[in-house]
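One-letter residues, chain by chain:
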Amino acid sequence: MSDRMRIALLLAPAMTVIVVLFFGGLAVGVMRSFNWMPVIGLTEPNLDAYRAVLSDPDFLRSFGLTLYISITSTLISAVIAIAAALLLRQSFAGRGAINLLFQLNLTVPHIVGAIGVLYLFSQSGFFARMAFHIGLIARPAEFPALVFDPFAIGIILQYVWKEVPFIGVIVLAQMQALGTDYESVARSLGASRWQAFRHVLLPLILPGVLSASIIVFAFTFGAYEVPLLLGASHPQALPVLAYKTYTDVDLAARPEAMAMAVVIALLSALMIWAYLRATRARLRS
Amino acid sequence: MNGPSRLSRSMLVLSGALLIIWLILPLVPMLIWSFAHGWRFPDLLPQQWSLQAWDYALSDRSGTLESLGVTILIAALATLLSILVGVPAGRALGLYKFRGKGLIELMILAPVIVPGIAVALGLHSVFIQLGLTNTLAGVVLVHLVPTLPYMTLVMAGIFANYDPAHESQARSLGANAVQTFWHVTLPAIMPGIIVGGLFAFLVSWSQYILTLLIGGGRVITLPLLLFSFASAGRNDITGAIGIIYILPGILILLFTARHLSGSNGAVGGFGRI
Chain C
450 MSDRMRIALL
460 LAPAMTVIVV
470 LFFGGLAVGV
480 MRSFNWMPVI
490 GLTEPNLDAY
500 RAVLSDPDFL
510 RSFGLTLYIS
520 ITSTLISAVI
530 AIAAALLLRQ
540 SFAGRGAINL
550 LFQLNLTVPH
560 IVGAIGVLYL
570 FSQSGFFARM
580 AFHIGLIARP
590 AEFPALVFDP
600 FAIGIILQYV
610 WKEVPFIGVI
620 VLAQMQALGT
630 DYESVARSLG
640 ASRWQAFRHV
650 LLPLILPGVL
660 SASIIVFAFT
670 FGAYEVPLLL
680 GASHPQALPV
690 LAYKTYTDVD
700 LAARPEAMAM
710 AVVIALLSAL
720 MIWAYLRATR
730 ARLRS
Chain G
152 MNGPSRLSRS
162 MLVLSGALLI
172 IWLILPLVPM
182 LIWSFAHGWR
192 FPDLLPQQWS
202 LQAWDYALSD
212 RSGTLESLGV
222 TILIAALATL
232 LSILVGVPAG
242 RALGLYKFRG
252 KGLIELMILA
262 PVIVPGIAVA
272 LGLHSVFIQL
282 GLTNTLAGVV
292 LVHLVPTLPY
302 MTLVMAGIFA
312 NYDPAHESQA
322 RSLGANAVQT
332 FWHVTLPAIM
342 PGIIVGGLFA
352 FLVSWSQYIL
362 TLLIGGGRVI
372 TLPLLLFSFA
382 SAGRNDITGA
392 IGIIYILPGI
402 LILLFTARHL
412 SGSNGAVGGF
422 GRI
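Sequences listed follow chains C and G, in order.
Residue 450 is where the first sequence starts when you use my numbering, and the numbers rise one by one after that.
Residue 152 is where the second sequence starts when you use my numbering, and the numbers rise one by one after that.
The hints are simulated quantities; they were obtained by calculation from the structure and are not laboratory data.
Note that the structure is a prediction, hence the values are computed from the model and not measured.
Quick reminder that beta carbons are idealized off the backbone N, C-alpha and C, glycines included.
Hints are supplied without guarantee of correctness; some may be wrong.
Listed next, the stretches of chain G that the computed footprint assigns to chain C, with coverage defined by at least 3 CB atoms under 8 Å from CB atoms of chain C [stated by the list, open to error]: (1) 205-212; (2) 258-264; (3) 291-302; (4) 314-323; (5) 337-346; (6) 372-385.
Here are a few chain G residues that sit away from chain C, every Cβ distance over 10 Å (derived from the structure) [unchecked claim]: (7) ARG157; (8) ILE223; (9) SER276; (10) VAL277; (11) ALA326.
Chain C residues, not near chain G, derived (Cβ > 10 Å throughout) [to be verified]: (12) LEU509; (13) THR521; (14) PRO593; (15) ASP598; (16) ALA730.
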């Protein structure tokens with residue numbers, strides 16, 4: 450058997466699954482968003498769904514909210530993750546145990562984290578109770594709304610909780626592979642600690658931070674259960690709105706839901722492009 | 152480099168402690184709730200402890216055990232299929248250089264980044280036609296979208312460090328294809344299959360929207376059950392089911408901690424859990 454043949458046979462099952470389920474699902478979503486589905490008699494594609502969605506203030510507000518949640522969560526997670534990795538690369542007693550604890554919530558599903566955040570930060574949650582005992586508040590309602598709130602604080606807290614270890618573990622591995630020689634050289638040449646970090650270490654780890662952050666950004670933009678549990682009822686995060694529109698009793702709204710799914714897919718396509726650029730930079734460095 | 156001063160040393164320890172506490176803290180109220188018998192504002196701890204929530208969660212009435220079975224079955228099937236399909240693909244990507252490889256890798260990477268909901272709405276309208284909605288088989292198939300790319304990428308990493316010369320040696324000594332695979336290839340790639348498989352299992356284990364949409368509320372996995380108790384305000388039962396739900400992941404983490412580091416392809420899968 451020639452190598453070409455062998456490669457084709459090895460890849461065929463996986464590519465079939467991915468082309469049919471993933472690209473097939475995407476393609477059908479795109480077609481339906483244009484009201485074009487010859488199989489069921491829709492033969493004239495049009496832009497009605499996009500017109501309806503893009504002129505709907507609810508959609509625009511959802512889009513803005515989701516973008517804000519993703520950007521904020523990703524930035525905060527990346528900064529804390531870098532700081533955490535700097536901390537954890539030091540040698541100290543019990544480092545193995547601490548590293549394990551740092552990774553603990555990597556395997557905890559988002560929905561569990563969301564429930565945990567709810568029990569900590571709701572107006573009758575753990576921190577509200579603490580505030581009561583210190584005398585800061587007299588009633589639950591006096592505790593600031595940190596979940597179901599317009600600024601999506603609860604959602605962002607959950608994402609930061611979940612994603613700091615994810616980015617942190619990747620950055621830590623990079624730092625350990627690099628060692629401290631480069632920084633030592635910079636320091637011996639008179640650089641301050643901050644300068645050694647800013648001009649030597651940070652550029653070296655940045656591609657890894659970027660590729661992990663891009664995965665986080667795309668995930669948070671498309672996640673459903675966290676904003677469903679912790680978000681305000683209005684405006685809703687885009688995936689929540691898309692699901693609600695799709696399962697609406699009015700089947701005519703389905704193309705609009707598909708258009709929203711296409712918007713999410715387009716944004717993640719942009720993320721893939723950014724990811725490839727970041728990983729290429731990582732391979733070069 | 153000079154060692155850090157005492158002050159900055161204790162600052163380091165303090166911020167490290169804060170970090171770890173923050174990472175564990177959200178799990179604590181869940182654990183306490185599961186043993187609480189009424190836990191009203193503003194009590195910092197429940198007035199009474201009880202095993203009622205656990206009793207209920209583990210009884211037939213709550214549906215937890217049934218959900219647990221369904222969740223395990225779906226995750227096991229999705230993992231098995233991902234291994235069967237992903238190992239050959241990983242071999243092609245890890246061992247060979249060929250034209251169009253970049254494109255193939257891109258197509259396999261895409262489902263890791265594109266959110267499930269963007270694919271699932273379109274897939275749902277096709278699955279309706281095929282009678283796959285509201286069925287376990289449909290849910291297993293849709294779980295392949297996040298699990299397969301991940302398994303394939305892990306195996307590509309394993310095969311990149313694999314020497315196929317051992318196989319030709321075995322063949323020249325008279326082993327047939329099956330014997331060679333069984334005695335030479337499989338033992339060499341087994342660690343990859345185990346770690347990749349465990350995390351593919353976890354990726355399926357943690358799916359929510361794909362199961363909800365394709366399962367149509369008929370296929371109730373643990374996260375769906377957990378959500379319904381959480382939104383009904385049954386905090387004690389939510390706590391108990393939540394603990395049951397996260398245990399396998401924590402066990403898998405303890406089991407694989409030695410094999411994992413951020414440079415390992417397996418970690419990428421955490422982005423989807």
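Hints not upheld, ascending by number: Hints 1, 4, 5, 9 and 10 contradicted; others consistent.
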